[in-house]
Structure formats: C-alpha cells, structure tokens
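Undergrad: One letter stands for each residue in the lines below.
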Amino acid sequence: MDIDHATAVAFSKSWGLFYLIALSIGVLIYTFRPSNKKRFDRAKKTILDKEDRP
Amino acid sequence: MMVSQLTRGERQGSILIAAAVALCGLALAIAGRNDLLGVHGAFVLVGSVALIAFLLSRLDSPEPDVSRRPSEYYDDPIKVGIALSMLWAIFGMFVGVWVAAELAWPSLNFDTAWLSFGRLRPAHTTGVIFGFGGNALIATSFHVVQRTSRARLAGQISPWFVLLGYNLFCFLAVTGYLMGLTQSKEYAEPEWYADLWLVVVWVTYFVLYLRTIARRKEPHIYVANWYFMAFIVVVAILHIVNNLAIPVSLGHAWSYPIWSGVQDAMVQWWYGHNAVAFFLTAGFLGMMYYYLPKRAERPIFSYRLSILSFWGITFFYMWAGSHHLHYTALPHWVQTLGMTFSIMLLVPSWASAGNAILTLNGAWHKVRNDATLRFMFVAAVFYGLSTFEGSFLAIRPVNSLSHYTDWTVGHVHAGALGWVALITFGSIYTLVPSLWKRERMYSAALVEVHFWLALIGTLIYVFAMWNSGIVQGLMWRTYTESGTLAYSFLDSLVAMYPYYIARTLGGFLFLLGAIVGCYNIWMTVRASPAAAETALKDLPDARWAEGTATTPAE
Ligand code: HEM
Ligand code: HEM
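As you go down the protein sequences, you meet chains A and B in turn. Numbering follows numbering that gives the first Met the number 0, in which position 15 of the first sequence is assigned residue number 14; successive positions increment by one, without gaps. Numbering follows numbering that gives the first Met the number 0, in which position 233 of the second sequence is assigned residue number 232; successive positions increment by one, without gaps.
Okay, chain B solo, but in the shape it has when bound:
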C-alpha cells in the first residue's frame, strides 16, 4: 500500500533519501563505536537499509495514474499514521501500567537496569505523548488540512518522510532510555543527534502543511488548521531552544545544555509547560474543532469564540511555565507572572470547552446513542476540569501543598486520559470509517465497551491520585506539638500503597479499552474489501470531466 501511490521516479527519490539516512546511521555507528551512540547508529542503518530493500522490491510494481491526483486526497500516510498511533498507545499504556505496578510492587523490576522505574517512566511518557499522541496529531492534521482546504497534500514523499522520520525519533528515544541514555530534561530526554533529526523532520512537516494550505480552494483557513499550525510552529521553537546543547564529542551520545542553573530550569519548564499547551492541547483542540462538529453534524456553536480562544491560549500559555518553579531560586516576580497568566488561562480554556459542549446542545440524543460522540463530549468536560484544576494548582500557596505529590500526577492524567486520549479515540472512530470508505465501525457495541472501560479507568486513576496526593501533601506538613514532623517519609509511602494498587487497576482498564479499540479498527479495515473497491472506483465521471475548474494549481 505504501508505494502503490508513488510513481517510479518517486520511489527512486525515496530510495535516495533512505540511502542518505543510512549513511548518517553508518557515520554514527562508526564514530560512536565505543559508545551507546554506535548502537543507535546501527539501528538507523539497519532500519534504512530494510526500507531501501522494501522499496527496491516494489520498484516495478504498477504505477498510479498521476492525472487523477488533483481530484483525490492522499490518504495512505494517514492510514499508516493511525495504525502507528494505536500501536504506540498499546506500548505506552502497557508500560504505564507496568510502572504503576512497580510503584506498588517494586520487585517488578526483576533487579535489572532495563526494567527499572527510572528507565521505564520516560518510555511511558514518550510512548503515550509522542508515540500515541504525536502520530494521532500528524495523521489527523493531514486529514483535516486536506478536507478543510479541499486540496491534496502538497507532496508525495514528504508526508511519508514526516511520518516515518518522526517514528524513528520516537524509536531512538525509547530504546535510548532503556539503555540508559537521557539528557534528563523531562519530555525532552532524547540526546542531541535525535534532537537534530527531529528538527529536520519537523521543518519538513511545517513546510508541507503551509504548502497544502497555500493550495486551498476555500477562501478562509478553518480554525482547526490554526490550532494545528500553532502546534507545529511552537513545538519547533520549544524543541530547538530547550535542546541547545553541546555534545561531549561527535562520537558520544552525551551532551551538556548551553543553559545553566536557574535559567536552565526556566527554559526547561517554559518548554515543559508549552509542550502541554501546544502538544497536548492546541493540536488536540484542532482535532476537536473538526471531528466534533463533523460527528454531531452541527456547526461549531460560535466560530468567533473559537478564534478568540485560539489567540488567548496561544499568548497566555507562553507566560505560564514558571508555575512549575514556585518556591525555587527563580525570582519571585517571575513566579507571580506565571501564576497570574495561569489563572487568566482559564478564560480561553473554558471558552473552548464551553464552545464544544454548546455545539452539542440540542443534540443530546446523539451523545446518548453514539459512543463516538460521547468520547468527544466527555473529553471536552475533562478538558474543562483539568484546566480548572491546573489554574488552581498554579496558585502559589495551593502549589505548596500539591507540588511533589501525586496530585500533580492526578492532574496530568485527568488531562492525558480524560482529554487527550478520549478526544483522540473519538476522532479516530470518526475518521476510520470515512478513511477506509466503510459505512461505519465494525462494531458499535465494542466502541461502547471501549468508552466505558476508558471512562471508568480514568475515574479510578484520577480519584486514586487525588486522594493519595492530598494525603501525601498533608502528611508532609503535619507537625507535632513540639514542632517536629509528625510522619516520616516512609509513613507517607506506606499510606500510598492502596492508591497505587487502585491506579494500576484503573490504568489496566484503560489499556484494555485501547486493545478493544485496536481490534475494532482492525476488523473495520478488514471488513469486505470488495465494497471498498467499488467505492473507490465509483468516481463521479461527470464531475471529473468538469473538474478542471476545481483543480488546484500544481
């Protein structure tokens, strides 16, 4: 499927690109032969050689009819992106359940370094945020930009380059952690060579997106695209600034950041919070503004409000990062600035959540009957909840209770499970039937099962962490009459035990739901390919003949 839409020349071009990547891998493997860098170089080399072999074997398979391209969307990379996203979801959530279980039963690391909490935890966060979330964002952005612009993606090879290149980055990241490679910046753990590679991929992504928008036949750029573009642009800026580092040598994976001390901390959390804002929020709002109206078959409640909240979110979030550094060496006024902007952020955040919910007002019967729409509705509710919670946690005295406790982890997963994952599943269930030209998902009942597993799993997870976090926070600040701490750290650890078990259970249910979802998607894709064939061939010839007027300029 991957090559059937490429001409012979494009296949050769892809081979050249893969060969260039293979050479880079070879160079890293040789230069880093005495270091873990060499292992990664070897991975890159083997992967690209395998890709070259695959492309060579298909070099002479039938070529596509290029003249049809202007009248057809380019969906193959989207299909692969959805599949990759679901695979990463299973991997990342499985590791999440594993680390959750390790916190309850520490011996689950089996005394190996590979399975230790410190290495698996970033494998979890990278797996879910970048693997699952990132692939879903790339896939849906390719879909939304084409549909809302009524234009085909502005490239044949570049969408594949972006998708596969991005997954190479994720793969280097996760394998690196397992071997013990990290630059110790949360959500930016991969080392310099992986970071440089991501810059190349991301710039290609941005150029592809802009060129596609430039081809549009609609006069106005639909708001979902603005969110996706903010996601792409800001992630590029964040990634570059936060990862400015000098390698120990070109033959070593290790590097030192150019920032130091409190400035390094501020840059890191400026990055960290805006990763939340532009990776975990803006892009997913882009999904929401397209798939929710689409599924509900109702236009968004207020288009103007969606624009106002876009600019509000874009410009407020930039200043909020310092709320991660309350009570640190960071100047007091910078902390206060972050706190103030965090509270202001509630306005555009609730404007978006409210806009989504009001769109459904008058269609509640659909929300009741259609689990796909319900996924998106509940996601909007959790978006409202977690942003309210975030603004609250950003208030300095509140943060003195919540910081370092599981309350933060509860907040994270209210956002990550309740908002990010649920809006993604809702969007994928809307997208999959239309992408594979099916009437509907293979089983509506299984979507329903997934919905309840996900919702119950989220609630168990979040309530367990709220309880555990507040208990922890209170135990750490309870004094005896003589002014000493009433509880030792160990006491608070023992108190966490039941909550950690509950969290593992909640996460397991959530993972189970994702597995059910994978099965359902797989069966939808497999179902009666014959029907799909006719749907594809069923080209409205009359329209095609008069199509010259609507053909975008190449």
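Chain A with its partners taken away, still in its complex shape:
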C-alpha cells in the first residue's frame, strides 16, 4: 500500500479522534477518583507550609 496524503488524512481523522477521547477519559478518571481526593487536598495545602527546609 502506498502511504500518500489520503492515508495520512484517514489515519489522523480516525486514530487521532480515538486516542484523544481515550486520553480525556483517562484524565477524567484520574482527576475524579475519590481515592485521589485526599492526596490532592494535602498537596494544595502543604505548599503553604512556612518551614523552609527539606
């Protein structure tokens, strides 16, 4: 099969769509997973800590 312009277009229009959708679903699951809530809350608060030592 020749890889020409039309092949590239077909590939981007199908796979491009699918992998971006899959990725968004993955990100949404990661973000809203209840078990992650505690880590996120801790992360956003601990940076305000005044202590300046490792």
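No lab work stands behind these hints, which were simulated from the structure alone. Backbone N, C-alpha and C fix where the C-beta goes; we use that ideal spot for every residue, glycine too. A few of these clues could be false.
[Claimed, not checked] The list that follows gives simulated cross-link-like pairs (lysine-lysine, DSS-like), each with its CA atoms no further than 25 Å apart:
(1) B:Lys184 - A:Lys44
(2) A:Lys37 - B:Lys216
(3) B:Lys436 - A:Lys44
(4) B:Lys365 - A:Lys49
(5) A:Lys49 - B:Lys436
(6) A:Lys49 - B:Lys216
(7) B:Lys293 - A:Lys36
(8) A:Lys36 - B:Lys216
(9) A:Lys44 - B:Lys293
(10) B:Lys293 - A:Lys37
[Said to hold, decoys possible] Far from chain A by the CB rule (all over 12 Å, computed), these chain B residues:
(11) Ala28
(12) Val143
(13) Ile299
(14) Thr483
[As the list claims (entries may be wrong)] If you want a taste of the chain B side facing chain A, the calculated C-beta under 10 Å gives, among others:
(15) Glu71
(16) Gln145
(17) Arg146
(18) Arg149
(19) Ala213
(20) Arg214
(21) Tyr289
(22) Lys293
(23) Glu296
(24) Trp310
(25) Tyr326
(26) Pro330
With chain A's structure known, arrange chain B with the ligands on it following the hints.
TA: Relative to chain A, chain B with the ligands alone:
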C-alpha cells in the same frame, strides 16, 4: 558565592567540564577560522578559560560542611539565575524599545548593519523570551521543585551547568544575530552548533529535574511541577525536530534544514506555536500555581481543575500550530484542524486563569494592598485576555484581517508583557525576600511604582498596536469603486507613525519599571547581610538531630 557550596572535588570536576567546553571552543575556532563560526569558537574558548581561571583561584577556599546538605536547599544557582534574568530583561527590553523607535525613526540604525532592524529584532525576541523568561523559568523551577518535593536539588554541579550553559546559548544566539548569523526560523534563529549545545544543556536539565522529583518526600507531585516538566520535555522535542539541519561543512556556521517547502513551514509553526505554549505558557503557569497561592496564603481554588487544564493545554496546543499558516499552501483541512483546536484551547486556558482569580476571591484586600500579589492577579487577567484574543485570531476569516498586521504584535505583547513579564515580576518579588532570608523587599513603594509603570506601559503598547493593526488591515482591503486598492502600502505606513511613537513610549515605561525592579532587588540583597547570617546560622538543632528520619536517600 558560586563555589562556596562546592567541595574541592566538585570544583575540580567543574574545571574538567569547563576544560572540555574550552576544547570544543578551540575546535570550532580552528575549523571555522575562515568563517564567523571561528568568532563564536573564540568566544566559547575565552569564556571557558575565564571560568577555569576563576575556579582555580578559588580551589583552596574553605569547603562546605557536606553533612548538612540533606537538610538544606541548594539556592545559590537560583540566586544567580534571578540576577541573570533581570539583566537579560534590561538588555532585551532596551533593544525592544530601540527597535520600536527604529520603526518610527528608521535612521536610528545609523547606517550600520549591526544596528539594523533585521538584526536587532531577533536580539530583542531572544533577549526577552530566552534570556529573561528562560532564566526566570530555570531559577523558579529549581526553587519550586525543591520546596514542593521537600528535597534538595539532585546535583551540585549540574544546576550550574544548566544555568551557565543555557546562558552561553543565549549569548551565542544574540551575538550571532548582530554579526548576521541566523537560520531564519523565528524563535529558532541560532545555528547548528548552538542548537547542539542546547540539546546537551536541556537533557541535563531534564535529568536533574527528574532526579530531584525522585527524591521527594511528598507522596504527590504538586501540579506546578507537572507544568515545569511539560515545559522541559516539550521544548526538548520541539527544539530537536525543528532544528534538524545539515551544516554546509563543519567549518561553517551555515546549514540547511532537512525539511523543505510547506513541510518546513508546518514544522516551523508547530515549533513556533508550541514555543508559545510550552515556553511562554506552561512554565509560567507552573510559576503561577506556586507563587500565587503562596503570596496570597490561600490554597489554589480547585486542584482538580488545575489537573484538567494541564492535560487540556498539553494536548490541545500540540495541534494548534497551523493557525499561523492560514491561506497558505498548507492543506485546507490542516488549517481547519488548527483553527478548531485553537478555539477548544480557550476552555483549559480560561480554566487556569479562572482558577487563579478565584483563588484570590475573598482576599481582595490583599490584592489591593500588596503590589506583588497584584502583579500576579493582573497577569492572570491578561492571560485570560490574550488567550481569548488568540482563539479569536485563529478563526480563518478573522485571521485574513489580522495576519501580517500589528494586531498580531499587539496580541503577542498582551501575552508577553501582560502575562509572561507580570507573572515573572510577581514571582520574583515573592521569591527574592525568601531566598535571601529577608523580611520583605527593600521598598514596597518601589514595587508599587514598578507595578504601575508596567501596567500603564502594557496598556499603551497594546492599545497602540490594536489600533494600528486594525487600521492597517482595513486599509489593505479597502477597494475603490473601480475595484482597485484605495490605499498604497506607503499610505498605510504613514498612518502607523503615531502608533509607533506611542508604542515606543509604552515600552519605555515598561523598561523603566524593570530598572526600578532591579534597583529594588539589588537593595534587598545588599540590606543588612548581618541579619542574613544569623538567619542562616539559626539552624533548629533539635530538628537537625531528629532529622535522620526526614533525610532523603542520597
Ligand atoms: C520594553 C518592552 C518591549 C518593547 C518596546 C517591545 C517592542 C517590540 C517590537 C518593536 C517588536 C517588533 C514588531 C514588528 O516587527 O513589527 C517586537 C516583537 C516581539 N516582541 Fe517585544 N517588546 C517589548 C517587550 C517584550 C517582552 C517582555 C517579550 C516577551 C516576553 C516580547 C516578545 C516579543 C515577540 C515574541 C516579538 C515577535 C512578534 C511577532 O513576530 O509577531 N517583547 N517587540
Ligand atoms: C488560546 C491561546 C492562544 C491562541 C489560540 C493563540 C493564537 C494565535 C494566533 C491565531 C496568532 C496569529 C498567527 C498569525 O496570524 O500569524 C498568534 C500569534 C502569536 N501568539 Fe498567540 N495565541 C494564544 C495565546 C498566546 C499567549 C498566551 C502568548 C504569550 C505570550 C502568545 C504569543 C503569540 C506570539 C509570540 C505570536 C506571534 C507569532 C509570530 O508570528 O511570530 N499567544 N497566536
């Protein structure tokens, strides 16, 4: 200061690295002796020999107490990075004002090639984006990664290598333009040898960043680090792909890109737009997500939103570059793809701007009283504005009016001055007192002065360019009844004159603000070093004794 934290062995190691760089310089100087390449080789040689001499003279100065390292952050490279960033700011903005003035009064090139617009313009863009912005990004990323990971930088020499190596790249770039060296790709003008050098520096940067994160004591990697890592990784990819080129010979600065025709254009603007996205946006969002909550003493409004916008920005921006090539030989569907993703981009962009502004909701009195926080607040507003404008300009018919006009330049500086520079100044004013262990900046009034100079300068600049751009665009598409163009190009040029003068004035005010900022930082650093000494020695010994549990693994 640079060597006081290095052991004797580390000083020797640094000398070896500098010697290797000196050899490369020597090789370039010899191979390129009949070319401008030789001049650059000589610069590299002289610079590294000077560094070696400096290190040798300090070889026997007192060594640091290594056992303390795990309980102290490594801040020396950050301090130098901030200083370099401010120096580049003055240089780059001064050149910006100069080229702005040249557009109004062309004779300011004094009939020399060195001062011509074509050579000074990239000196401006490189000076501000890579010199000022890049050094600020490196310095703040070193600060943020240590604080949010509660771990010391994973290297003693490598932070210096990254910082100084990066500045060598900027120096080669700017001196090259002044001599007439460029590969004519916007924001990627330096030639092949400088590009190769930047790859080495950048990979070191990435490895250093990852190793520091690997040492972290916090379970979760704070979102600012994700933005900084996206900045580092993507800039590496962009830089390598866009600069693939074959030198005419190893003795010449000149090279030819491996891409050609419309593919070269697409690769260039894929690079160009993602340079906006990952250099001028992602890294500065990293700054914003750390310094803004820190200064406001309030956690970010929604952590989840910050993650969603991170992935949104990362994956949408990649596809938007073709909006720079509307109405070109680029296939129509690729243009449409770029336009669509540009419009979608507004969502994660506004999510970030909104997240920042909502963080301040309930602390407006702080924004009113504290010019440092106000810098960051206004930056978030300009971020929202310029991304809205960008999505709008990306719509093909709108672009047919704006492209080639000063509207683009207005959009650029709404982002560059209003967002990039203001968030940087806000972050630096937050960072400097804590870095040098001072109570606060030398003068709050001068921060206030800087804020107003910067804001007024930005507004004058941006309004002048919006006006001039739209006037230009309309004049170029106005037809007479008989179907010929109503205005000649020269007519439109004459119409620009007042706007170019206004822009020069706005830029001058902005530059003045940056100078005030430098003075204020200098005075803060100089103020009562005695107080700093005690602050440093004031090590909580009890905590140090029980510190074994919190010591990161070496
Ligand atoms: C003192 C303030 C500044 C002045 C007076 C100034 C002036 C200028 C001028 C006259 C141009 C050329 C426009 C043209 O070709 O028509 C320009 C281009 C540019 N400047 Fe600035 N500038 C300033 C600050 C900055 C800063 C802080 C940044 C970035 C952080 C920046 C980024 C750029 C970029 C990216 C371009 C290229 C725009 C394009 O190709 O469309 N400038 N600037
Ligand atoms: C959603 C976000 C954004 C979108 C969709 C966007 C879109 C655009 C568009 C359509 C152009 C004009 C292209 C042309 O006609 O040649 C442009 C130019 C430009 N934008 Fe943006 N923009 C966005 C945000 C930003 C931000 C935050 C900055 C930060 C400083 C920025 C910097 C630039 C620069 C430097 C150029 C000029 C490139 C050149 O021709 O040299 N943009 N942008």
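Undergrad: Each hint should be assessed against the structure and marked as holding or not.
TA: Status of the hints after comparison with the structure:
For the proposed pair Lys184 of chain B and Lys44 of chain A, the alpha carbon gap of about 44 Å is over 25 Å, so the pair is violated. Proximity of Lys37 of chain A to Lys216 of chain B is assessed by CA-CA distance (about 16 Å); at most 25 Å being required, the pair is judged to hold. Of the supplied pair hints, the one linking Lys436 of chain B and Lys44 of chain A holds, its CA atoms being roughly 23 Å apart against a limit of 25 Å. For the given pair, Lys365 of chain B sits about 18 Å from Lys49 of chain A by alpha-carbon distance, which is consistent with the 25 Å threshold.
A threshold of 25 Å between alpha carbons decides the hint, and for Lys49 of chain A with Lys436 of chain B the separation of about 13 Å falls inside it, so the pair holds. Distance restraint check for Lys49 of chain A and Lys216 of chain B: the Cα-Cα separation of roughly 16 Å lies within the 25 Å cut-off, and the hinted pair is therefore satisfied. About 21 Å separates the Cα atoms of Lys293 of chain B and Lys36 of chain A, which keeps this hinted pair within 25 Å; it holds. The straight-line distance between the Cα atoms of Lys36 of chain A and Lys216 of chain B is roughly 19 Å, inside the 25 Å bound, and the hint therefore holds.
For the proposed pair Lys44 of chain A and Lys293 of chain B, the alpha carbon gap of about 10 Å is at most 25 Å, so the pair holds. Our distance criterion of 25 Å between C-alpha atoms is met by Lys293 of chain B and Lys37 of chain A, whose separation comes to about 20 Å. Against chain A, the non-interface label of Ala28 of chain B holds: every CB pair exceeds 12 Å, the least being about 43 Å. The claim that Val143 of chain B is not at the interface with chain A is violated, since a C-beta of that chain comes within 12 Å of its own (minimum 9 Å).
The Cβ of Ile299 of chain B sits about 5 Å from the closest Cβ of chain A, inside the 12 Å cut-off, so the non-interface label is violated. The beta carbon of Thr483 of chain B sits about 38 Å from the closest Cβ of chain A, which is more than 12 Å, so the claim that it is off the interface holds. Nearest Cβ of chain A to the Cβ of Glu71 of chain B: about 7 Å, under the 10 Å cut. The hint holds. The interface hint given for Gln145 of chain B holds, since its Cβ lies 7 Å from the closest Cβ of chain A, which is under the 10 Å cut-off.
Contact between Arg146 of chain B and chain A, as hinted, is supported at the beta carbon level, the nearest pair being about 7 Å apart and thus within 10 Å. Annotation: Arg149 of chain B was flagged as interfacial toward chain A, and the flag holds, the nearest CB pair being 5 Å apart, inside 10 Å. Interface restraint check for Ala213 of chain B: the shortest CB-CB distance to chain A comes to about 14 Å, outside 10 Å, so the restraint is violated. A distance limit of 10 Å between C-beta atoms decides the matter here; for Arg214 of chain B the minimum to chain A is near 9 Å, and the interface restraint holds.
The restraint placing Tyr289 of chain B at the interface with chain A holds, with a minimum CB-CB distance near 7 Å, inside the 10 Å limit. Restraint check, Lys293 of chain B versus chain A: the minimum CB separation of about 7 Å is within 10 Å; hint holds. The interface hint given for Glu296 of chain B is met, as the beta carbon of that residue sits about 6 Å from the closest beta carbon of chain A, less than 10 Å. Checking Trp310 of chain B against chain A: minimum C-beta separation of about 4 Å stays under 10 Å; hint holds.
For Tyr326 of chain B, the interface hint is violated, the least distance from its beta-carbon to any beta-carbon of chain A being 19 Å, above 10 Å. Checking Pro330 of chain B against chain A: minimum C-beta separation of about 8 Å stays under 10 Å; hint holds.
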